[in-house]
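2 protein chains.
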Amino acid sequence: MERIYLYDTTLRDGAQREGMSLSVEDKLRIAHKLDELGVPFIEGGWPGANPKDDQFFERLHSTRFKHSAVVPFCSTRRPQVRASEDAGLRKILAAGTEWVTTFGKCWELHVHEGLRTSLEENLAMIEDTVAFFRTQDRRVIFDCEHWFDGYYKNPEYALAALRAAAHAGAQWVVLCDTNGGMLPQQIRTSVEAVRDYCREHNLEVQLGIHTHNDSETAVANALAAVEAGARMVHGTVNGYGERCGNANLCALIPNLQLKMNYALIAPEQLARLTEVSHFVSEVANLAPNDHAAYVGASAFAHKGGIHVSAVQRNPQTYEHIVPESVGNRRRIVISDQAGLSNVLTKLTEMGFSFERHDPAVGRILQQIKLLESEGYQFEAAEASFELLVRECLEIRKSLFSLEGLYTACQTFPDGTVRSEATVRVRVGEVLQHTAADGNGPVSALDAALRKALVGCYPQVAGMHLVDYKVRILDSAHGTSARTRVLVESSDGLGRWTTIGVSANIIEASCRAVIEGIEYGLSR
Amino acid sequence: MERIYLYDTTLRDGAQREGMSLSVEDKLRIAHKLDELGVPFIEGGWPGANPKDDQFFERLHSTRFKHSAVVPFCSTRRPQVRASEDAGLRKILAAGTEWVTTFGKCWELHVHEGLRTSLEENLAMIEDTVAFFRTQDRRVIFDCEHWFDGYYKNPEYALAALRAAAHAGAQWVVLCDTNGGMLPQQIRTSVEAVRDYCREHNLEVQLGIHTHNDSETAVANALAAVEAGARMVHGTVNGYGERCGNANLCALIPNLQLKMNYALIAPEQLARLTEVSHFVSEVANLAPNDHAAYVGASAFAHKGGIHVSAVQRNPQTYEHIVPESVGNRRRIVISDQAGLSNVLTKLTEMGFSFERHDPAVGRILQQIKLLESEGYQFEAAEASFELLVRECLEIRKSLFSLEGLYTACQTFPDGTVRSEATVRVRVGEVLQHTAADGNGPVSALDAALRKALVGCYPQVAGMHLVDYKVRILDSAHGTSARTRVLVESSDGLGRWTTIGVSANIIEASCRAVIEGIEYGLSR
Numbered sequence: 001m002e003r004i005y006l007y008d009t010t011l012r013d014g015a016q017r018e019g020m021s022l023s024v025e026d027k028l029r030i031a032h033k034l035d036e037l038g039v040p041f042i043e044g045g046w047p048g049a050n051p052k053d054d055q056f057f058e059r060l061h062s063t064r065f066k067h068s069a070v071v072p073f074c075s076t077r078r079p080q081v082r083a084s085e086d087a088g089l090r091k092i093l094a095a096g097t098e099w100v101t102t103f104g105k106c107w108e109l110h111v112h113e114g115l116r117t118s119l120e121e122n123l124a125m126i127e128d129t130v131a132f133f134r135t136q137d138r139r140v141i142f143d144c145e146h147w148f149d150g151y152y153k154n155p156e157y158a159l160a161a162l163r164a165a166a167h168a169g170a171q172w173v174v175l176c177d178t179n180g181g182m183l184p185q186q187i188r189t190s191v192e193a194v195r196d197y198c199r200e201h202n203l204e205v206q207l208g209i210h211t212h213n214d215s216e217t218a219v220a221n222a223l224a225a226v227e228a229g230a231r232m233v234h235g236t237v238n239g240y241g242e243r244c245g246n247a248n249l250c251a252l253i254p255n256l257q258l259k260m261n262y263a264l265i266a267p268e269q270l271a272r273l274t275e276v277s278h279f280v281s282e283v284a285n286l287a288p289n290d291h292a293a294y295v296g297a298s299a300f301a302h303k304g305g306i307h308v309s310a311v312q313r314n315p316q317t318y319e320h321i322v323p324e325s326v327g328n329r330r331r332i333v334i335s336d337q338a339g340l341s342n343v344l345t346k347l348t349e350m351g352f353s354f355e356r357h358d359p360a361v362g363r364i365l366q367q368i369k370l371l372e373s374e375g376y377q378f379e380a381a382e383a384s385f386e387l388l389v390r391e392c393l394e395i396r397k398s399l400f401s402l403e404g405l406y407t408a409c410q411t412f413p414d415g416t417v418r419s420e421a422t423v424r425v426r427v428g429e430v431l432q433h434t435a436a437d438g439n440g441p442v443s444a445l446d447a448a449l450r451k452a453l454v455g456c457y458p459q460v461a462g463m464h465l466v467d468y469k470v471r472i473l474d475s476a477h478g479t480s481a482r483t484r485v486l487v488e489s490s491d492g493l494g495r496w497t498t499i500g501v502s503a504n505i506i507e508a509s510c511r512a513v514i515e516g517i518e519y520g521l522s523r
Numbered sequence: 001m002e003r004i005y006l007y008d009t010t011l012r013d014g015a016q017r018e019g020m021s022l023s024v025e026d027k028l029r030i031a032h033k034l035d036e037l038g039v040p041f042i043e044g045g046w047p048g049a050n051p052k053d054d055q056f057f058e059r060l061h062s063t064r065f066k067h068s069a070v071v072p073f074c075s076t077r078r079p080q081v082r083a084s085e086d087a088g089l090r091k092i093l094a095a096g097t098e099w100v101t102t103f104g105k106c107w108e109l110h111v112h113e114g115l116r117t118s119l120e121e122n123l124a125m126i127e128d129t130v131a132f133f134r135t136q137d138r139r140v141i142f143d144c145e146h147w148f149d150g151y152y153k154n155p156e157y158a159l160a161a162l163r164a165a166a167h168a169g170a171q172w173v174v175l176c177d178t179n180g181g182m183l184p185q186q187i188r189t190s191v192e193a194v195r196d197y198c199r200e201h202n203l204e205v206q207l208g209i210h211t212h213n214d215s216e217t218a219v220a221n222a223l224a225a226v227e228a229g230a231r232m233v234h235g236t237v238n239g240y241g242e243r244c245g246n247a248n249l250c251a252l253i254p255n256l257q258l259k260m261n262y263a264l265i266a267p268e269q270l271a272r273l274t275e276v277s278h279f280v281s282e283v284a285n286l287a288p289n290d291h292a293a294y295v296g297a298s299a300f301a302h303k304g305g306i307h308v309s310a311v312q313r314n315p316q317t318y319e320h321i322v323p324e325s326v327g328n329r330r331r332i333v334i335s336d337q338a339g340l341s342n343v344l345t346k347l348t349e350m351g352f353s354f355e356r357h358d359p360a361v362g363r364i365l366q367q368i369k370l371l372e373s374e375g376y377q378f379e380a381a382e383a384s385f386e387l388l389v390r391e392c393l394e395i396r397k398s399l400f401s402l403e404g405l406y407t408a409c410q411t412f413p414d415g416t417v418r419s420e421a422t423v424r425v426r427v428g429e430v431l432q433h434t435a436a437d438g439n440g441p442v443s444a445l446d447a448a449l450r451k452a453l454v455g456c457y458p459q460v461a462g463m464h465l466v467d468y469k470v471r472i473l474d475s476a477h478g479t480s481a482r483t484r485v486l487v488e489s490s491d492g493l494g495r496w497t498t499i500g501v502s503a504n505i506i507e508a509s510c511r512a513v514i515e516g517i518e519y520g521l522s523r
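Protein chains in written order, with the numbering used here: chain W, 1 to 523; chain Z, 1 to 523.
For the record, the hints were derived by calculation from the structure and aren't laboratory data.
Predicted model, so just to flag it, every value in this text is computed and none were measured.
Careful, some of the hints might be misleading.
As the list claims (entries may be wrong) - Stretch by stretch, here's where chain W covers chain Z in the computed footprint (C-beta under 8 Å, at least three residues):
no.: 1; stretch: 104-115
no.: 2; stretch: 312-326
no.: 3; stretch: 398-405
no.: 4; stretch: 413-419
no.: 5; stretch: 496-506
Unchecked claim - Sample of chain Z residues at the chain W side, in silico, Cβ under 10 Å:
no.: 6; residue: N255
no.: 7; residue: A292
no.: 8; residue: Y294
no.: 9; residue: H307
As the list claims (entries may be wrong) - Computed Cβ-Cβ distance ranges for the label pairs, DEER-style:
no.: 10; chain 1: W; residue 1: S118; chain 2: Z; residue 2: S398; range: 49 to 57 Å
no.: 11; chain 1: Z; residue 1: E282; chain 2: W; residue 2: G404; range: 33 to 41 Å
no.: 12; chain 1: W; residue 1: R363; chain 2: Z; residue 2: E120; range: 41 to 49 Å
no.: 13; chain 1: Z; residue 1: Q366; chain 2: W; residue 2: K153; range: 35 to 43 Å
no.: 14; chain 1: Z; residue 1: D437; chain 2: W; residue 2: K259; range: 42 to 50 Å
no.: 15; chain 1: W; residue 1: S118; chain 2: Z; residue 2: F65; range: 20 to 28 Å
no.: 16; chain 1: Z; residue 1: H433; chain 2: W; residue 2: L393; range: 50 to 58 Å
no.: 17; chain 1: Z; residue 1: E36; chain 2: W; residue 2: R195; range: 43 to 51 Å
no.: 18; chain 1: W; residue 1: E403; chain 2: Z; residue 2: E36; range: 52 to 60 Å
no.: 19; chain 1: Z; residue 1: S21; chain 2: W; residue 2: R363; range: 19 to 27 Å
no.: 20; chain 1: W; residue 1: G415; chain 2: Z; residue 2: R356; range: 29 to 37 Å
no.: 21; chain 1: Z; residue 1: E324; chain 2: W; residue 2: E349; range: 30 to 38 Å
no.: 22; chain 1: W; residue 1: E85; chain 2: Z; residue 2: P315; range: 29 to 37 Å
Glycine included, each C-beta is placed from N, C-alpha and C at the ideal position.
Only chain W is shown next, with the shape it has when bound in the complex (with noise of 0.2 Å):
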């Protein structure tokens, strides 16, 4: 199997992104989970650019890393100026990497209108600029910015800054569609002209390819170039980047490993990458895409009677890949256009067993329908659908309820605000009233039931809210949209979720905090 080399530049292109903003302190905690997974390279950032990424490589001086190389990226010196005097190239001296990652104009337009210097200048920049990094030996990447479309315009061109960094001793050469415009064959010929070229002139050098998603083809341009003889590919965590994101590596590394049949990281490396998606998702506070290839949480969910049949006799028939592979795993969706099928393969996995025919599991059907034309969702709150289906069997312990609840929130006026909720809770005969305040009407409510539990059911107080999550329903009604809220509970050992749909937040939230408490007294 041949060898790809990975390089992620999550932390520096993809933190383009509109919308995200990475502290130091993410940068560095996806950076260890990118080295948990085994990439070879991770681009940091640029430093001298702007005071985070100083600090990154900073604190990367006390960090060791077991399978990755941090590489500082940065522009070709500036114009006129020599290399060894160009304070930004310093600054990436000072990072004191093995690597760094330089780039440069292929596109005459850009050279005109970007750098607005000569041709010629612009090839003198390449040449110093990679020269002077192996003077102090560095190891160079370079990129070869708006390669397409500078190949396609002028190719001598192109060729001439390719060349200049080869022969200045770049090691990898990184043919990159800078706007993302290209498609794959347009990749492909291109990718296949440079290498026929680095061998008729003996340019020792590789190959890498670098690709934006502006056609909704980075991965498979990124794939094409690897036919065409490419051996690093670059990419992000999600396909995370400026515009419409850089190719996915969440979908190339899987297309090329499984699929290719290319060596690029362990078996049980590869099995890690849904949840590097999450985690990056995550400390990056971007919901996760639940439709993506491979990582989605739908990516292996099925949920048509057919399917779900056909697919519990033999996987092969639905299923491209083995979930697990990835880390990710078949789910089998509780929906309206559930049939009786995946509501039994749901009982079984919670443990019940039914005949087909049983009137309880039509009586379940029947219900879920009833609530999910109300907005409810089970799909992602598994703890509610488990009370349902007890309740439905009658199986449901009562162990309080809510006779009452009043939140109140008053702002004063040197600004400040507060939060208080009232309920009243009935245990058995034990009528409990009492208050609390919190950040929010929620979490005031939250610690008023909690308070208001503590005494008959203490393990409610090593419960606690993890995720809050608020969604509106038929928004086009502005806040008379009902308002389907989600949460997540945990007791230091289990998370579970449950759900509240109402036209009031509030009542929509304390439906879903009050079945978290019962779904975590009942486990």
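Given the coordinates of chain W, work out where chain Z should sit on it, guided by the hints.
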């Protein structure tokens, strides 16, 4: 320019997406929008499979489309039954359409595991079903289900299935990658082989392609098939579909038309693509993907300072197509990576004119960075941004001030919930102290504010909230995390968006609602 026939399956395969549910009314609205876009084939659903699809086709009898044929979808006849006696097929005829699409198994495994019948019977089912529809004067599209998996396991059997459909009179045979696991080169090889086979055997059918996104290459797979000879392309708006979705028409159409020079729809129809994408996500009540190729809000967004100045000199430098050709537009993004150039551009758009070194511009930039560090984001809240600018320039008019706010929600033993807000609002010398009810605390607050202001500012009577979005920042902290609220307001003539951030959802909502009213009054 050679013609490619678009075949939209948003209403059938797209609606299989987890979390998506379309009413009959939704399906009709989407069908009309696709007609306006100029899509020749719209797969409407499976009459007989569920009451919703029955109703949809019934309502079509009284509907006229200008460009589109709506097509019903169904499986081949059941085993061991005559086509003319199959109740399912009769329901398809009852839809009274010119075209029908029927799908049949082309993979041995599915004949055994799914249909549980013999290979010969499956071929007869295909031939009979197509022939039956032909005798009833229907034109037939035959979907070769699991084509590629079948072709690579047993090409003879797959080709026998295709031949059965062609001999019986199908006009189109569509090669389907049902499990979505193929890569572009596998698609290309198989489509080329089928094209050659049809030529050699004088089969008078045209080829179509139907791809899924499980390898994140659905779009590229369809392009490869077109290059190999397919002339009908199946896909869905925004790539909706089960698991990882179908091929995304919003990327396929411009790739084929603008970059590969095929004829699909008129240029003025293409210029509505962004609108169609947003319309469908709105009707489906799914958040639009801001990072979608071509149609996403970020697709032509420029963030970095260098980009912004270059793209203004020459758009080609950083844009792969003219955004307006697909109905999108260039955006200069306000963010913490924003340099002076971006802020200056934005100010110019707003009608201000400043020199680069004006200290006011520096103050604005500083204030943006401060607020963004607290969780504000002005990318989507341009009205709040404008108020911020006026504040920094000391030209923000004080129209009113909120001196006190009290919101309460109470649930009663009978299950009813009441939400109430009390506000103290000062306009000049006058203090209005009033209260209102609402469906929840935010609508109560909005109603109370308008009630307090309508005496001094009668215009507020014509303003209302049209959208309300909640995002929990740093959601790992549960309910004590910060909440970001975006509010969209309208006065019937225009719409504008404002933002509020706070640990307290009520306070965050209040800030956004107040700025919404203030901005509306200052228009």
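Checked hints:
1. Check on the stretch 104-115 of chain Z: 4 of its residues sit with their Cβ under 8 Å from a Cβ of chain W, so the three-residue criterion for coverage holds.
2. For the stretch 312-326 of chain Z, the stated coverage by chain W is satisfied: 8 residues place a CB nearer than 8 Å to a CB of that chain, which reaches the threshold of 3.
3. As drawn, the stretch 398-405 of chain Z meets chain W at 4 residues by the rule of a beta-carbon pair under 8 Å; at three or more, the given contact holds.
4. Counting residues of the stretch 413-419 of chain Z whose beta-carbon sits less than 8 Å from any beta-carbon of chain W gives 3, enough to reach three: the coverage restraint holds.
5. Using a Cβ-Cβ cut-off of 8 Å, 5 residues of the stretch 496-506 of chain Z lie near chain W, which meets the minimum of three, so the contact claim holds.
6. Contact between N255/Z and chain W, as hinted, is supported at the beta carbon level, the nearest pair being about 5 Å apart and thus within 10 Å.
7. Hint on A292/Z holds. Least Cβ distance to chain W is approximately 7 Å, under the 10 Å limit.
8. A hinted interface residue such as Y294/Z counts as satisfied when its beta carbon comes closer than 10 Å to some beta carbon of chain W; here the least separation is about 8 Å, so the hint holds.
9. Annotation: interface hint on H307/Z holds; nearest CB of chain W at approximately 9 Å, less than 10 Å.
10. At about 56 Å, the CB distance of S118/W to S398/Z agrees with the hint of 49 to 57 Å.
11. The beta-carbon spacing between E282/Z and G404/W, approximately 39 Å, falls within the hinted interval of 33 to 41 Å.
12. Separated by about 43 Å at the C-beta atoms, R363/W and E120/Z satisfy the suggested range of 41 to 49 Å.
13. Between Q366/Z and K153/W the CB atoms are about 41 Å apart, so this pair conforms to the stated range of 35 to 43 Å.
14. Evaluation of the 42 to 50 Å hint for D437/Z and K259/W yields a failure: the beta carbon distance comes to about 59 Å.
15. A hinted range of 20 to 28 Å for the beta carbons of S118/W and F65/Z is inconsistent with their spacing of about 58 Å.
16. Range check, H433/Z to L393/W: Cβ separation about 53 Å, and the 50 to 58 Å hint holds.
17. One distance hint, 43 to 51 Å for the beta-carbon pair E36/Z and R195/W, holds here, with the actual separation near 46 Å.
18. Judged by the Cβ atoms, the range 52 to 60 Å given for E403/W and E36/Z holds: they are separated by roughly 54 Å.
19. Roughly 22 Å separates the CB atoms of S21/Z and R363/W, a value that falls within the hinted 19 to 27 Å.
20. Judged by the Cβ atoms, the range 29 to 37 Å given for G415/W and R356/Z holds: they are separated by roughly 36 Å.
21. Checking the proposed 30 to 38 Å range against E324/Z and E349/W shows it is violated: the Cβ atoms sit about 51 Å from each other.
22. In this structure the hint that E85/W and P315/Z lie 29 to 37 Å apart at CB holds, the actual value being about 35 Å.
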